[in-house]
Amino acid sequence: MIKVENLTKRYAGVTALSGVSFEVNRGEIVGFLGPNGAGKSTTMRILTGFIPASSGRVEVAGCDVFEDSLEVRRHVGYMPENNPLYVDMRVREYLKFRAKLKWVPRTERNERIHDVVEMCGLTDVQHRVIGHLSKGYRQRVGLGDALLGEPDLLILDEPTIGLDPVQIRQVRQLIKDLGKRHTILLSSHILPEVEATCNRVIIIHHGRILASDTPDNLVKTLHRGGVIRIELRAPPNEVESKLGGVEGVESVTMDAGADGYVEVLVNPKAGADPRESLYSVIASNRWSLRELSRTRTTLEDIFVQITREEDEAEEERREARRSLLR
Amino acid sequence: MRNVAALLRRELNAYFASVLGYVVLMFFLIVMGVTFAVIVNYLNHGPTQLTAMKIMFSMFWLPSLVVIPMITMRLLAEEKRSGTIEMLMTAPVTDFEVVFSKYLGAVVLYTLMWALTGLYVLILRHFSGGTTALDLGPIACGYIGVLVIGQFLIAVGVLSSSLTKNQVTAALMSFSLVFILLIVVNWLGYLFQGGPINKIVKALSAFDHMDDFSRGILDVRPIVLYVMGTVAALFITTRVVESRKWR
Chain A
15 MIKVENLTKR
25 YAGVTALSGV
35 SFEVNRGEIV
45 GFLGPNGAGK
55 STTMRILTGF
65 IPASSGRVEV
75 AGCDVFEDSL
85 EVRRHVGYMP
95 ENNPLYVDMR
105 VREYLKFRAK
115 LKWVPRTERN
125 ERIHDVVEMC
135 GLTDVQHRVI
145 GHLSKGYRQR
155 VGLGDALLGE
165 PDLLILDEPT
175 IGLDPVQIRQ
185 VRQLIKDLGK
195 RHTILLSSHI
205 LPEVEATCNR
215 VIIIHHGRIL
225 ASDTPDNLVK
235 TLHRGGVIRI
245 ELRAPPNEVE
255 SKLGGVEGVE
265 SVTMDAGADG
275 YVEVLVNPKA
285 GADPRESLYS
295 VIASNRWSLR
305 ELSRTRTTLE
315 DIFVQITREE
325 DEAEEERREA
335 RRSLLR
Chain B
93 MRNVAALLRR
103 ELNAYFASVL
113 GYVVLMFFLI
123 VMGVTFAVIV
133 NYLNHGPTQL
143 TAMKIMFSMF
153 WLPSLVVIPM
163 ITMRLLAEEK
173 RSGTIEMLMT
183 APVTDFEVVF
193 SKYLGAVVLY
203 TLMWALTGLY
213 VLILRHFSGG
223 TTALDLGPIA
233 CGYIGVLVIG
243 QFLIAVGVLS
253 SSLTKNQVTA
263 ALMSFSLVFI
273 LLIVVNWLGY
283 LFQGGPINKI
293 VKALSAFDHM
303 DDFSRGILDV
313 RPIVLYVMGT
323 VAALFITTRV
333 VESRKWR
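Protein chains in written order, with my numbering: chain A, 15 to 340; chain B, 93 to 339.
So that you can see chain B by itself, here it is in the shape it has in the complex (with noise of 0.2 Å):
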């Protein structure tokens, strides 16, 4: 692992010398913002059950879907398209290593763009203040939902891009993997009331999950499944990368 130090540097130099970067992060926060927002403007008209942080967290689908195609697509997919992935390949480096860093990487600056709504929290404490105090636990607990399941759709969008060469094929290809584990299984929950698959299905719904998370509920059982979810994700990965060497 004495690589990932220097790869991980890499990473995240490249996410800043290209323009990707601030793209994204200008998209993010275009989208986090309008949504601050509407939620504030919402909560101005009358007294309800809900906190702004809490309908924020609820609405963290719509730029995942977006920003993880976006920051994932390039990792392996240009590497094999340039052919710099041979260059990588033949320095003292795993095939692990290589792919645990662009993982690290994108895992980095997700996280930073999260950080920054970390803004919207000291805007709301300080025109709350008097009225009603703002509650941490729960704004803590959200974001820490955010990054466990954020992170696991890196490693699909991660694994996503070293299955082809073209860029675009990869964001494609994991929007239709985001799309299906957040939209798509929750809208099974709705399909399927009641019975053994809506147990199943409300148990997989990172939307429950979130629920729950954005409540300040800390929850075991999802993190050990997204967390199982990376691993298994980083572990085909490195195999796909690998298998240049048995085809």
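So here's chain A without its partners, still in its complex pose (with noise of 0.2 Å):
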């Protein structure tokens, strides 16, 4: 559905964008998770057609978006951020005129409206003016909008930014009902949001994709810090040689609690998972156990990880740059 290739974009002295290059196949749910800042909106602005690459291929359904700009504009339904409005139009006949642009046959453009307005649950507020609608609601339109053309791509960029966190929760669904027909890509800075809706995760950092996988995997294979925590009743002296002993334990950390439980930080190797182990360890030792639990390594941790690691990369290559210099 969508094809970068080496995706370069230049602004006056500023480079957003160097080097991208992705693929989303139909029927994804991809979401584009960056700080502010990273080139999400600019990524989006040139699959749209908006503003066209420095250079690098853009395919859009199978369309160059620099020479066929109007042909991807009618395969794609666009939301951009902060969802920009015209505040003085009625809500259907703001969606009747975007039809229109959007080339929705005279016959079937009262019943394409009908069909978004009910599936974005605009029925209520459909006569009254956008400049007097919730920020939720107008999120709903600029929604309803970008689905008017019965797009093949969705591209909704910080779909719910500002929304309070029940609004957030309905628009999630909206998405999530809408991947079943449509192609989407959106962007997000919201961790949660993303591991929630997307299938898949392209995570780009000062215009550079640093890692794309499911949410899942990259937990998987970027896990590192899934510490298992161990509440038991045991010498400490013993703890320590014992657990440590485990096969696939990295390091082990105690702490004795007042009321005699002794708390153990576990570090399994990459990839591990130890628990089993170790409860047989503890079982055959006969030591009463209150707790074993591993923490969860969320997106959020792999995020600030790997945001953190280019930085510093960055950083190294700043200075080898400056030493050269010298």
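If you're looking for bench data, these hints aren't it; they were derived computationally from the structure.
Accuracy of the hints is not assured; some may be wrong.
Stated by the list, open to error - When the alpha-carbon atoms are kept at most 27 Å apart in a straight line, the in silico BS3-like pairs for lysine-lysine are as follows: (1) 194(A) x 283(A); (2) 149(A) x 257(B); (3) 257(B) x 172(B); (4) 114(A) x 337(B); (5) 149(A) x 172(B); (6) 337(B) x 17(A); (7) 149(A) x 194(A); (8) 172(B) x 114(A).
Using the supplied hints, reconstruct the complex from the two chains, each of which is provided in its own coordinate frame.
Right under this line is the structure:
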């Protein structure tokens, strides 16, 4: 559906994207994840033909974005960042205007608008002026607009920004439902958002793609800090040597609690899960066990980790360049 | 050009969904109404060579100076400021279609405003019926002149609006341009009596063109001049809108 090869975008003096390549297949929900200013919006604007790339190839629905801009725009439903709308228009009037612009045939127009209004839960507000609507409703109008042309691809830039928790949940659910029929590319700097809705995540930072995988795989392959926490009643001097000897354990730290229980934090080796072996050691020593759990690595940890590593690498490169100059 | 109808409709709606359309109409009708009353009063004092509508048309610059910046300032500046331009330009429409529809919307409003002064013609006709028959030819020509000059100034206004995100800046810019094109050019004519400069200025002066039109002289040269001017202004505007692509 989307094919991006070696995409670079330079604004006057600033490189917003450098050598970005990725693909999105039909039917996927892909999340673009990155801190503010990472290049998410720039990429989306290029994909929708609003601005051209400095270099690189971008194909959407089999058409070149620069050569066949109008054709691409017909296949894409786009909701820009901050969802700009004509605030002086009424919801239905606005959707009708947009449907005409998107070449929805006259005979299907009313039906299509009706469907979209229903799908996005706009029935109650369809005759109200957009400027008087709450942010949540406006967001749904933007989504409805994006859906009008029955696009193959939906591009949503920060679809839940500025919404309250209830509205966020509603919009997320809507996106999930839409994912059954459309290919979706959405961007966010909120991690749980991406984790909850997307089946693939592309992490972008300083205009470069750092990782691209399913949320689960990202957690698995980059899983380093999944610490196992154990609380048990046992002589502290034995605990360290016995648990430290279990296969797959990297290191053990202990902290004796006031109530006679010892809190043990076990660092497993990369990819290993020694919980079962740990339990059998504990059981065979007849220590009483109160807790054995693993703290799950979240996408958030990975994100922080990856972007920090990248920043450090960047700093090193800069340092190397500086020393070369000297 | 298939999107122009939809875009034009949106533009016209925007004028009358906000107060702007009504305020501009009100301003125009007050100015023209008072002007008309003054003219009729003046003509009542004795016989003269001039006709009421001729004096009326010679006052065209007064509302133009205010009305044209007002109806064009919003067009592209507001889209840029609120970000709606991004939504507009990612729909399957071309940049020129957007620019042209905005220009057309303002022209329609401007035409509507002047059409309302047709009432004055009816009033004159009603009250002057027996003594002096109203000559409709020069009046029709006068309206053509007002529209031809007005549509060019609107194109200049659209261009101003494309250059900034700020409506006030856009309005001041188009006011300055309209002022130069109407008043300053005419004033240069007074400054350089005779000589080649005077000839050039006369060829460019909207006052002189309007004078001809309202006498019933339908000269093709000024019409070509203004249409070419419009084409140039809209072309540059489209380039400015596109400039996001190569900046």
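Hints, one by one, checked against the model:
1. 194(A) x 283(A): 38 Å, violated
2. 149(A) x 257(B): 24 Å, holds
3. 257(B) x 172(B): With a Cα-Cα distance of about 6 Å, the restraint between residue 257(B) and residue 172(B) holds, given a limit of 27 Å.
4. 114(A) x 337(B): 25 Å, holds
5. 149(A) x 172(B): 20 Å, holds
6. 337(B) x 17(A): Cα-Cα ~21 Å, so holds.
7. 149(A) x 194(A): 25 Å, holds
8. 172(B) x 114(A): 22 Å, holds
Consistency with the previously given hints fails for number 1 only.
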